[in-house]
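> Here is how the chains run, residue by residue.
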Amino acid sequence: MIAPGFADPTLDSQATFRALLAAMSHPGRVHPAGRGLSPPAPLTPALAAVALTLCDADTPLWTDAPEEARRWLAFHCGCPFAGDPARAAFVLPHGAPPPLDSLAQGTEEEPHLSATLILPVASLAEGAGWRLAGPGIAAEARLSVAGAPPGFAAAFAAQRARFPRGVDVILCAPDRLACLPRSLRLSEV
Amino acid sequence: MSGVPGFSYAYLDEGTKRMLRRTLLKAVAIPGYQVPFGAREMPLPYGWGTGGIQVTAAIIGPSDVLKVIDQGSDDTTNAVSIRRFFRRVAGVATTERTTEATIIQTRHRIPETPLREGQILVYQVPMPEPLFRLEPRLAETRRLHALADYGLMQVRLYEDIVRHGAIATAYNHPVMVDGRYLMSPSPIPAFDNPKMHRMPALQLFGAGREKRIYAVPPYTDVVSLDFEDHPFRPIRAPHACALCGAADSYLDEVLTDDSGGRIFVCSDTDYCATRQAARQAAE
Numbered sequence: 001m002i003a004p005g006f007a008d009p010t011l012d013s014q015a016t017f018r019a020l021l022a023a024m025s026h027p028g029r030v031h032p033a034g035r036g037l038s039p040p041a042p043l044t045p046a047l048a049a050v051a052l053t054l055c056d057a058d059t060p061l062w063t064d065a066p067e068e069a070r071r072w073l074a075f076h077c078g079c080p081f082a083g084d085p086a087r088a089a090f091v092l093p094h095g096a097p098p099p100l101d102s103l104a105q106g107t108e109e110e111p112h113l114s115a116t117l118i119l120p121v122a123s124l125a126e127g128a129g130w131r132l133a134g135p136g137i138a139a140e141a142r143l144s145v146a147g148a149p150p151g152f153a154a155a156f157a158a159q160r161a162r163f164p165r166g167v168d169v170i171l172c173a174p175d176r177l178a179c180l181p182r183s184l185r186l187s188e189v
Numbered sequence: 001m002s003g004v005p006g007f008s009y010a011y012l013d014e015g016t017k018r019m020l021r022r023t024l025l026k027a028v029a030i031p032g033y034q035v036p037f038g039a040r041e042m043p044l045p046y047g048w049g050t051g052g053i054q055v056t057a058a059i060i061g062p063s064d065v066l067k068v069i070d071q072g073s074d075d076t077t078n079a080v081s082i083r084r085f086f087r088r089v090a091g092v093a094t095t096e097r098t099t100e101a102t103i104i105q106t107r108h109r110i111p112e113t114p115l116r117e118g119q120i121l122v123y124q125v126p127m128p129e130p131l132f133r134l135e136p137r138l139a140e141t142r143r144l145h146a147l148a149d150y151g152l153m154q155v156r157l158y159e160d161i162v163r164h165g166a167i168a169t170a171y172n173h174p175v176m177v178d179g180r181y182l183m184s185p186s187p188i189p190a191f192d193n194p195k196m197h198r199m200p201a202l203q204l205f206g207a208g209r210e211k212r213i214y215a216v217p218p219y220t221d222v223v224s225l226d227f228e229d230h231p232f233r234p235i236r237a238p239h240a241c242a243l244c245g246a247a248d249s250y251l252d253e254v255l256t257d258d259s260g261g262r263i264f265v266c267s268d269t270d271y272c273a274t275r276q277a278a279r280q281a282a283e
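Protein sequence lines, in the order shown, are assigned to chains A and B. Under my numbering, the first sequence has 133 at position 133, and the numbering climbs by one with no breaks. Under my numbering, the second sequence has 110 at position 110, and the numbering climbs by one with no breaks.
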């Protein structure tokens with residue numbers, strides 16, 4: 001028995017997308033996501049909502065999640081699974097994520113052909129933690145992330161040198177999300 | 001859920017909306033870069049806002065309030081039709097008031113009333129490539145964008161100064177976004193260019209025929225190209241609006257008879273009507 005997806009696929013995915021669009025255009029802001037979803041572990045409601053909103057047959061997904069979660073994703077999103085994270089449009093890690101610079105970066109001429117990393121974290125909070133600046137931020141924003149993989153912030157900050165190539169990141173706490181577009185200037189503390 | 005039976009919510013099917021949404025997120029992440037997308041056939045011809053309509057259809061939800069303007073006006077055929085279209089297929093409320101709208105789809109103007117955070121401005125774009133008239137090969141313009149090689153455009157502006165004594169672009173004046181990408185502001189008057197700079201609202205651009213989407217996130221630097229000794233100057237007709245008296249708004253010239261009579265009135269109908277109502281209330 002496969003757990004259900006969105007109760008209303010049209011309006012729930014529209015609402016999740018608007019949260020993503022607002023989060024991507026205001027990096028560091030935290031938005032609720034995934035209300036009403038109960039996907040199989042280790043997927044969380046927010047991870048499931050993002051996958052249901054963005055992934056489909058056109059987007060190879062790389063994940064190391066266990067079989068039940070993969071079955072849920074395959075059934076609801078219909079996405080093919082990529083064997084190699086470098087060939088995936090979306091990367092949804094369960095264990096240690098593949099290094100940022102091993103994912104698709106896009107090219108100088110077509111930077112949009114880069115991967116989007118959907119990264120599970122323990123919690124997200126505004127107002128403290130990483131310092132963010134760049135497009136979408138009036139002066140400075142702070143984002144506190146618990147449970148990010150070690151070295152992630154430094155690796156993300158380093159990819160700014162590759163702009164416009166680079167990976168965009170959607171951080172997913174169990175019931176909320178925040179985005180780190182590649183245009184961001186990020187520094188720890 | 002409201003809408004027309006037999007049609008998907010907001011007209012487009014879910015797969016198309018997902019494709020558009022992925023495109024929009026990449027566009028926001030790379031400010032000013034034109035992301036190609038699979039534009040669909042829409043129930044109106046190219047040139048009537050198919051790109052803007054597809055962007056609006058991908059983002060709109062039942063709690064949105066939609067305003068549509070064409071050259072600043074809420075009451076032209078194009079604006080009225082698009083507003084009615086989304087009222088039918090997406091069941092949204094519509095408005096003519098800039099301050100009440102959550103999504104404003106526009107052709108060729110930015111409203112005079114400053115936009116606020118949380119609003120989304122959707123531009124209908126006929127030609128997204130700013131280098132189009134200088135370099136017709138799209139493969140070559142992609143290369144120029146990759147190298148951030150915008151000398152061609154500087155030369156064009158320089159030639160304007162040589163020929164006319166000033167930069168002669170009254171509309172569609174090219175801008176640099178976040179110091180990286182040269183971008184066409186869609187043919188808005190140069191008067192509106194400064195409004196794009198660090199605007200609190202999100203700006204999305206859709207070009208249906210050319211199949212490109214691009215974006216400017218809120219609070220992003222948008223600088224009109226110019227020279228130190230020939231700084232960018234937004235142009236405005238040197239008159240006050242004949243209806244509301246505004247001396248700071250963009251004006252349309254309206255012929256009133258066939259013997260040379262003419263008046264200048266605000267191009268932004270909501271701005272003009274709001275000012276007239278305020279003046280009447282004060283009297």
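The set of hints was computed from the structure by calculation and includes no laboratory data. Heads up, the beta-carbon is just placed ideally off N, CA and C, and yes, glycines get one too. Mixed in with the good hints there might be a few duds.
[Stated by the list, open to error] Incomplete in silico selection of chain B near chain A, CB under 10 angstroms:
| hint | residue |
| --- | --- |
| 1 | 24 |
| 2 | 28 |
| 3 | 142 |
| 4 | 174 |
| 5 | 181 |
| 6 | 200 |
| 7 | 223 |
| 8 | 226 |
[What the hints assert, rightly or not] Rough simulated footprint, nothing fancy, chain B against chain A, three-plus residues with beta-carbon under 8 angstroms:
| hint | region |
| --- | --- |
| 9 | 1–13 |
| 10 | 16–29 |
| 11 | 108–120 |
| 12 | 134–140 |
| 13 | 157–168 |
> Next, verify each hint and record whether it holds.
Outcome of the hint check:
With its C-beta approaching chain A no nearer than about 6 angstroms, residue 24 (chain B) sits inside the 10 angstroms limit, and its interface hint holds. Satisfaction of the interface hint for residue 28 (chain B) is found here, the shortest Cβ-Cβ separation to chain A being roughly 5 angstroms, below the 10 angstroms cut-off. Satisfaction of the interface hint for residue 142 (chain B) is found here, the shortest Cβ-Cβ separation to chain A being roughly 5 angstroms, below the 10 angstroms cut-off. Look at residue 174 (chain B): its Cβ only gets to about 18 angstroms from chain A, farther than 10 angstroms, so that hint breaks.
For residue 181 (chain B), the interface hint holds, the least distance from its beta-carbon to any beta-carbon of chain A being 8 angstroms, beneath 10 angstroms. The interface hint given for residue 200 (chain B) is met, as the beta carbon of that residue sits about 8 angstroms from the closest beta carbon of chain A, less than 10 angstroms. A hinted interface residue such as residue 223 (chain B) counts as satisfied when its beta carbon comes closer than 10 angstroms to some beta carbon of chain A; here the least separation is about 13 angstroms, so the hint is violated. For residue 226 (chain B), the suggested interface contact is broken, since its CB lies about 22 angstroms from the closest CB of chain A, more than 10 angstroms.
For the region 1–13 of chain A, the stated coverage by chain B holds: 5 residues have a C-beta nearer than 8 angstroms to a C-beta of that chain, and at least 3 were required. For the region 16–29 of chain A, the stated coverage by chain B holds: 8 residues have a C-beta nearer than 8 angstroms to a C-beta of that chain, and at least 3 were required. Counting residues of the region 108–120 of chain A whose beta-carbon sits less than 8 angstroms from any beta-carbon of chain B gives 7, enough to reach three: the coverage restraint holds. Evaluation of the coverage hint for the region 134–140 of chain A: fulfilled, as 5 residues show C-beta separations to chain B shorter than 8 angstroms, against a requirement of three.
Coverage of a stretch by a chain is defined here by at least three residues with a beta carbon nearer than 8 angstroms to that chain's beta carbons; for the region 157–168 of chain A and chain B the count is 3, and the condition holds.
Comparing the model with each numbered hint stated earlier shows that hints 4, 7, 8 do not hold.
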